[in-house]
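**Student:** Given chain A, work out where chain B should sit, using these hints.
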Amino acid sequence: MSISIQHISKSFKDVVALNDISFNVKEGELFGLIGPDGAGKTTLFRVLTTLLIADKGKATVADFDVLNDYKSIRNSVGYMPGKFSLYQDLTVEENLAFFATIFGTTIEENYDLIEDIYIQIEPFKTRRAGKLSGGMKQKLALCCALIHKPKVLFLDEPTTGVDPVSRKEFWEMLKRLQQKGITILVSTPYMDEAALCDRIALIQDGKILEIDSPQNIVNHFPKKLYNVSANKMYELIESLKKYEHQYSVYPFGEFVHYADKRDVFNPQDLQEYLEANNLNDVKIEITNPTIEDTFMELAK
Amino acid sequence: MDNQNVIVVENLTKKFGDFTAVNNITFKVKQGEIFGFLGANGAGKTTAMKMLIGISSPTSGNAKVAGFDVYKNAEDIKKNIGYMSQKFALYDDLTVKENITFYGGIYGLSRQRIKDKRNQLVEELGLQNLINELVSSLPLGWKQKLAFSVALLHDPKIIFLDEPTGGVDPITRRQFWEMIYKTANKGTTVFVTTHYMDEAEYCDRVSIMVDGKIEALDTPKKLKELFKVGSMNDVFLKLARG
Chain A
0 MSISIQHISK SFKDVVALND ISFNVKEGEL FGLIGPDGAG KTTLFRVLTT LLIADKGKAT
60 VADFDVLNDY KSIRNSVGYM PGKFSLYQDL TVEENLAFFA TIFGTTIEEN YDLIEDIYIQ
120 IEPFKTRRAG KLSGGMKQKL ALCCALIHKP KVLFLDEPTT GVDPVSRKEF WEMLKRLQQK
180 GITILVSTPY MDEAALCDRI ALIQDGKILE IDSPQNIVNH FPKKLYNVSA NKMYELIESL
240 KKYEHQYSVY PFGEFVHYAD KRDVFNPQDL QEYLEANNLN DVKIEITNPT IEDTFMELAK
Chain B
0 MDNQNVIVVE NLTKKFGDFT AVNNITFKVK QGEIFGFLGA NGAGKTTAMK MLIGISSPTS
60 GNAKVAGFDV YKNAEDIKKN IGYMSQKFAL YDDLTVKENI TFYGGIYGLS RQRIKDKRNQ
120 LVEELGLQNL INELVSSLPL GWKQKLAFSV ALLHDPKIIF LDEPTGGVDP ITRRQFWEMI
180 YKTANKGTTV FVTTHYMDEA EYCDRVSIMV DGKIEALDTP KKLKELFKVG SMNDVFLKLA
240 RG
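First to last, the protein sequences are chains A and B.
Numbered per numbering that gives the first Met the number 0, the first sequence spans residues 0 to 299.
Numbered per numbering that gives the first Met the number 0, the second sequence spans residues 0 to 241.
These are calculated hints, taken from the structure and not from any lab test.
The reader is advised that the hints may include incorrect statements.
[What the hints assert, rightly or not] PhoX-like mimics (lysine-lysine), calculated; alpha carbons at most 25 Å apart, straight line:
{"#": "1", "chain 1": "B", "residue 1": "Lys86", "chain 2": "A", "residue 2": "Lys167"}
{"#": "2", "chain 1": "A", "residue 1": "Lys231", "chain 2": "B", "residue 2": "Lys227"}
{"#": "3", "chain 1": "B", "residue 1": "Lys71", "chain 2": "B", "residue 2": "Lys14"}
{"#": "4", "chain 1": "B", "residue 1": "Lys220", "chain 2": "A", "residue 2": "Lys167"}
{"#": "5", "chain 1": "B", "residue 1": "Lys63", "chain 2": "B", "residue 2": "Lys29"}
{"#": "6", "chain 1": "B", "residue 1": "Lys185", "chain 2": "A", "residue 2": "Lys240"}
{"#": "7", "chain 1": "A", "residue 1": "Lys130", "chain 2": "B", "residue 2": "Lys212"}
{"#": "8", "chain 1": "A", "residue 1": "Lys282", "chain 2": "B", "residue 2": "Lys220"}
{"#": "9", "chain 1": "A", "residue 1": "Lys174", "chain 2": "A", "residue 2": "Lys150"}
{"#": "10", "chain 1": "B", "residue 1": "Lys221", "chain 2": "A", "residue 2": "Lys282"}
{"#": "11", "chain 1": "A", "residue 1": "Lys167", "chain 2": "B", "residue 2": "Lys227"}
{"#": "12", "chain 1": "A", "residue 1": "Lys130", "chain 2": "B", "residue 2": "Lys86"}
{"#": "13", "chain 1": "B", "residue 1": "Lys237", "chain 2": "A", "residue 2": "Lys174"}
{"#": "14", "chain 1": "B", "residue 1": "Lys181", "chain 2": "A", "residue 2": "Lys241"}
{"#": "15", "chain 1": "B", "residue 1": "Lys237", "chain 2": "B", "residue 2": "Lys212"}
{"#": "16", "chain 1": "B", "residue 1": "Lys227", "chain 2": "B", "residue 2": "Lys212"}
{"#": "17", "chain 1": "B", "residue 1": "Lys86", "chain 2": "B", "residue 2": "Lys96"}
{"#": "18", "chain 1": "B", "residue 1": "Lys223", "chain 2": "A", "residue 2": "Lys231"}
{"#": "19", "chain 1": "A", "residue 1": "Lys167", "chain 2": "B", "residue 2": "Lys223"}
{"#": "20", "chain 1": "A", "residue 1": "Lys124", "chain 2": "A", "residue 2": "Lys167"}
{"#": "21", "chain 1": "B", "residue 1": "Lys181", "chain 2": "A", "residue 2": "Lys282"}
{"#": "22", "chain 1": "B", "residue 1": "Lys14", "chain 2": "A", "residue 2": "Lys130"}
{"#": "23", "chain 1": "B", "residue 1": "Lys181", "chain 2": "A", "residue 2": "Lys231"}
{"#": "24", "chain 1": "B", "residue 1": "Lys156", "chain 2": "B", "residue 2": "Lys77"}
{"#": "25", "chain 1": "B", "residue 1": "Lys49", "chain 2": "B", "residue 2": "Lys77"}
{"#": "26", "chain 1": "A", "residue 1": "Lys240", "chain 2": "B", "residue 2": "Lys181"}
{"#": "27", "chain 1": "B", "residue 1": "Lys221", "chain 2": "A", "residue 2": "Lys231"}
[Claimed, not checked] Incomplete in silico selection of chain B near chain A, CB under 7 Å:
{"#": "28", "residue": "Asn40"}
{"#": "29", "residue": "Tyr180"}
{"#": "30", "residue": "Asp197"}
{"#": "31", "residue": "Phe235"}
[Stated by the list, open to error] Residues from chain A that keep clear of chain B, each with C-beta distances beyond 10 Å, as calculated:
{"#": "32", "residue": "Arg45"}
{"#": "33", "residue": "Ile52"}
{"#": "34", "residue": "Tyr110"}
{"#": "35", "residue": "Lys148"}
{"#": "36", "residue": "Met172"}
{"#": "37", "residue": "Ala194"}
{"#": "38", "residue": "Asn218"}
{"#": "39", "residue": "Glu271"}
{"#": "40", "residue": "Lys282"}
From the three backbone atoms N, C-alpha and C, an ideal C-beta is built for every residue, glycine too.
Bound-form chain A, shown alone (with noise of 0.2 Å):
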């Protein structure tokens, strides 16, 4: 095992932001962690790169034990935190320069690895961090990372506040490291990323929720699924959830994805109520569930 969580908890004052987490993740295995702000993603990584000790549980990161081996794991990981950690007032290459000397290498030696990445930012070298954009930090932070090779790369929430075209690049970026051979594993709130992981893990107020493949997670949904839509919006959410056989409701996009509470349900029911409620061009159409779908119903 790449990673090996055991019912670790941590608490601060009386916020539980851990509470009996474990999971294991596979050698070579992309996988994500799947939750919102606030529901202890970053507090899981800071316990796993030895930035803070768990009140209770055991875990191992590249077969060291958090706790005795902490300096092992220092040197075998590579850690990218939500928050844009360089030095703003370095250049793009002194950043990189300066992270390959803290770990007693050169941007030489590793080069290979974050060639494909660092040619991207290279016309920019000798500009500052601070003055960098969204997405160009974003793959300096990545090739900082990466330049000692580590065995394990721990990225917390890489992609938020991303525009979706960088949010692509950057998930082709992982799945090119993966096949290097380097564990990964990434948060995110985008659940739209999670189809692109091996396995999941989704997260809420300090607890998973499920651990499984994003296929496995999605075929759990417990209801057949529907796309609802007419020609006004806001009055289609009003009605549905004003419905009494709804199950659930919530706005997908251009849809309304919509439950039924019975075991046998005829969509040309809920056709006539709506049109019944004065919405016109009512469209009622079975769909497949997504991970968000499943996460909702969990978090219920």
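**Tutor:** Here is chain B on its own, set in the frame of chain A:
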């Protein structure tokens, strides 16, 4: 205001030295509309928004917001709009009650009006038990819902929302959008930026900025037809990747 357009922007440009952050953008937003203002990081959204809320002066072009000119009447704009950003909205070390009172004061509401508004807002959000809690102790989702309501205290004509739902859990994110719908339904214009492309689908119309220019502007449905794709995410990827 010309007819029902509460935001009228014509050839608006902002340059920083020889860098053109906003390049000759033109668009209108109607009263009661939910207008999505999208673009990649660094495309110029924030710069454009700063000009519209009266805190940055354009290099050239014209814009009227809530009927006021961005050059001459920037102070009047500020009185007639609400603004909420993901990064900063409320004072963490003030209580819920203190934040509402403080913002009410800033907007120049009378004491009685602040009190009435506060009671109404606290009831609508179900915050009765948390009124004397520090804002720092609230979960992020609650904070964002409260910040949204506070930005509406003075009944502005337009509310500007800069990535209001970043990092918020999926259920609260939807509750937040229901608040947006409700607000727009009452006639307030909502001008919103987001990186969640499913939220782009919730907007009446959407503009997409690329390198300082507005490269697309229409309803989500028409944009998807135009680019022959199934989702706003794909529209965005097609445009921003060039």
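**Student:** Each hint: holds or not?
**Tutor:** We went through each hint and held it up to the structure:
At roughly 24 Å between alpha-carbon atoms, Lys86 of chain B and Lys167 of chain A fall within 25 Å of each other, so this suggested pair holds. Distance hint between Lys231 of chain A and Lys227 of chain B is fulfilled; the C-alpha atoms sit about 24 Å from each other, no more than 25 Å. The hinted pair formed by Lys71 of chain B and Lys14 of chain B meets the criterion: a straight-line CA distance of about 19 Å does not exceed 25 Å. Distance check on the hinted pair: Lys220 of chain B and Lys167 of chain A sit about 23 Å apart at the alpha-carbon level, within 25 Å; holds.
Pair hint Lys63 of chain B plus Lys29 of chain B holds up; C-alpha atoms about 12 Å apart against a cutoff of 25 Å. Annotation: proposed proximity of Lys185 of chain B to Lys240 of chain A holds, straight-line Cα distance about 20 Å (limit 25 Å). A C-alpha spacing of about 22 Å is found between Lys130 of chain A and Lys212 of chain B, which places the hinted pair at or below 25 Å, so the restraint holds. Our distance criterion of 25 Å between C-alpha atoms is met by Lys282 of chain A and Lys220 of chain B, whose separation comes to about 15 Å.
The straight-line distance between the Cα atoms of Lys174 of chain A and Lys150 of chain A is roughly 15 Å, inside the 25 Å bound, and the hint therefore holds. At roughly 18 Å between alpha-carbon atoms, Lys221 of chain B and Lys282 of chain A fall within 25 Å of each other, so this suggested pair holds. Taken as a hint, the Lys167 of chain A and Lys227 of chain B pair is honoured in the structure, with Cα atoms around 20 Å apart against an allowance of 25 Å. Proximity of Lys130 of chain A to Lys86 of chain B is assessed by CA-CA distance (about 19 Å); at most 25 Å being required, the pair is judged to hold.
With a C-alpha separation of about 22 Å, the suggested pairing of Lys237 of chain B with Lys174 of chain A holds against the 25 Å cut-off. For the hint linking Lys181 of chain B to Lys241 of chain A, the alpha-carbon distance of about 16 Å falls within 25 Å, and the restraint holds. Between the alpha carbons of Lys237 of chain B and Lys212 of chain B the distance comes to roughly 15 Å, so the proposed pair stays at or under 25 Å and holds. For the hint linking Lys227 of chain B to Lys212 of chain B, the alpha-carbon distance of about 22 Å falls within 25 Å, and the restraint holds.
A distance of roughly 21 Å separates the Cα atoms of Lys86 of chain B and Lys96 of chain B; the hinted pair therefore holds under the 25 Å criterion. Between Lys223 of chain B and Lys231 of chain A, the direct Cα distance comes to roughly 19 Å. Compliance with the 25 Å bound is thereby established for this hinted pair. Proximity of Lys167 of chain A to Lys223 of chain B is assessed by CA-CA distance (about 19 Å); at most 25 Å being required, the pair is judged to hold. At most 25 Å may separate the alpha-carbon atoms for a hinted pair to count; Lys124 of chain A and Lys167 of chain A meet this at roughly 23 Å.
About 23 Å separates the Cα atoms of Lys181 of chain B and Lys282 of chain A, which keeps this hinted pair within 25 Å; it holds. Between the alpha carbons of Lys14 of chain B and Lys130 of chain A the distance comes to roughly 17 Å, so the proposed pair stays at or under 25 Å and holds. Our distance criterion of 25 Å between C-alpha atoms is met by Lys181 of chain B and Lys231 of chain A, whose separation comes to about 12 Å. Restraint check for Lys156 of chain B and Lys77 of chain B: satisfied, since their Cα atoms lie roughly 11 Å apart, inside the 25 Å limit.
Distance restraint check for Lys49 of chain B and Lys77 of chain B: the Cα-Cα separation of roughly 11 Å lies within the 25 Å cut-off, and the hinted pair is therefore satisfied. Restraint check for Lys240 of chain A and Lys181 of chain B: the C-alpha separation of about 14 Å stays at or below 25 Å, so the hint holds. The suggested pairing of Lys221 of chain B with Lys231 of chain A holds, with an alpha-carbon distance near 16 Å, which does not exceed 25 Å. The interface hint given for Asn40 of chain B is met, as the beta carbon of that residue sits about 4 Å from the closest beta carbon of chain A, less than 7 Å.
The interface hint given for Tyr180 of chain B is met, as the beta carbon of that residue sits about 4 Å from the closest beta carbon of chain A, less than 7 Å. Using the Cβ-Cβ criterion of 7 Å, the hint placing Asp197 of chain B at the interface with chain A is satisfied: the shortest such distance is roughly 4 Å. Contact between Phe235 of chain B and chain A, as hinted, is supported at the beta carbon level, the nearest pair being about 5 Å apart and thus within 7 Å. Against chain B, the non-interface label of Arg45 of chain A holds: every CB pair exceeds 10 Å, the least being about 17 Å.
Non-interface call for Ile52 of chain A relative to chain B: holds, since the shortest CB-CB distance, roughly 24 Å, exceeds 10 Å. Distance to chain B confirms Tyr110 of chain A as a non-interface residue, since its nearest Cβ pair spans about 27 Å, more than 10 Å. Distance to chain B confirms Lys148 of chain A as a non-interface residue, since its nearest Cβ pair spans about 29 Å, more than 10 Å. Distance to chain B confirms Met172 of chain A as a non-interface residue, since its nearest Cβ pair spans about 16 Å, more than 10 Å.
With a cut of 10 Å on Cβ distances, Ala194 of chain A stays outside the contact zone with chain B, its closest approach being about 13 Å. At roughly 19 Å, the least C-beta separation between Asn218 of chain A and chain B is larger than 10 Å, which holds for a residue marked as non-interface. Taking the minimum C-beta to C-beta distance to chain B, about 24 Å, the non-interface status of Glu271 of chain A holds against the 10 Å cut. Distance to chain B confirms Lys282 of chain A as a non-interface residue, since its nearest Cβ pair spans about 13 Å, more than 10 Å.
Every hint, counting from the list given before, is met by this structure.
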